[in-house]
Amino acid sequence: MIHTTQHHWSPETGWSTPPGAAGAQLALVFGAREALSPDGPLAQLGAALPGTELVGCSTAGEIHGTHVTDGGVVVTTLRFEHSSLAVVAEPARSGEDSRELGLRLAAKLDPGGL
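When the letters of the sequence shown are read in order and numbered with our numbering, they come out as residues 1 to 114.
A few of these clues could be false.
[As the list claims (entries may be wrong)] Here are the simulated DMTMM-like cross-link-like pairs (lysine to aspartate or glutamate), alpha carbons at most 25 Å apart as the crow flies:
{"id": "1", "residue 1": "108", "residue 2": "97"}
{"id": "2", "residue 1": "108", "residue 2": "53"}
{"id": "3", "residue 1": "108", "residue 2": "90"}
{"id": "4", "residue 1": "108", "residue 2": "96"}
In case anyone wonders, no lab produced these hints; they're calculated from the structure.
Go ahead and model the full structure; you've got the sequences and the hints to work with.
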């Protein structure tokens with residue numbers, strides 16, 4: 001089973017609900033580029049979700065429930081009951097073949113835990 005929560009941040013109102021989910025292993029973060037600065041909502045998110053892997057990207061619009069907004073951040077937290085999680089990263093080079101990037105990412109994962 002996967003337990004999820006979703007939170008939205010806007011520059012006008014801040015967080016819709018305080019970000020936090022006991023035991024969350026992963027937070028998927030999508031937001032406007034200007035809202036993803038390290039000293040903005042991301043800092044608050046990191047403090048509210050210690051030990052949670054934050055993964056995401058910038059967007060041209062955020063979906064929260066049935067609403068689409070611009071200029072904010074949407075976060076979905078996930079807690080897996082019976083699964084472990086590994087996060088790896090690799091810089092993408094402009095015009096790079098996605099297969100090569102995928103191979104480099106896969107090489108960083110421990111196949112023993114899969």
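Status of the hints after comparison with the structure:
With a C-alpha separation of about 18 Å, the suggested pairing of residue 108 with residue 97 holds against the 25 Å cut-off. As the CA atoms of residue 108 and residue 53 are separated by approximately 16 Å, the hinted pair is consistent with the 25 Å bound. Restraint check: the Cα-Cα separation between residue 108 and residue 90 comes to about 9 Å, which is no more than 25 Å; the hinted pair holds. Restraint check for residue 108 and residue 96: satisfied, since their Cα atoms lie roughly 18 Å apart, inside the 25 Å limit.
Hint violations for this structure: none, all hints satisfied.
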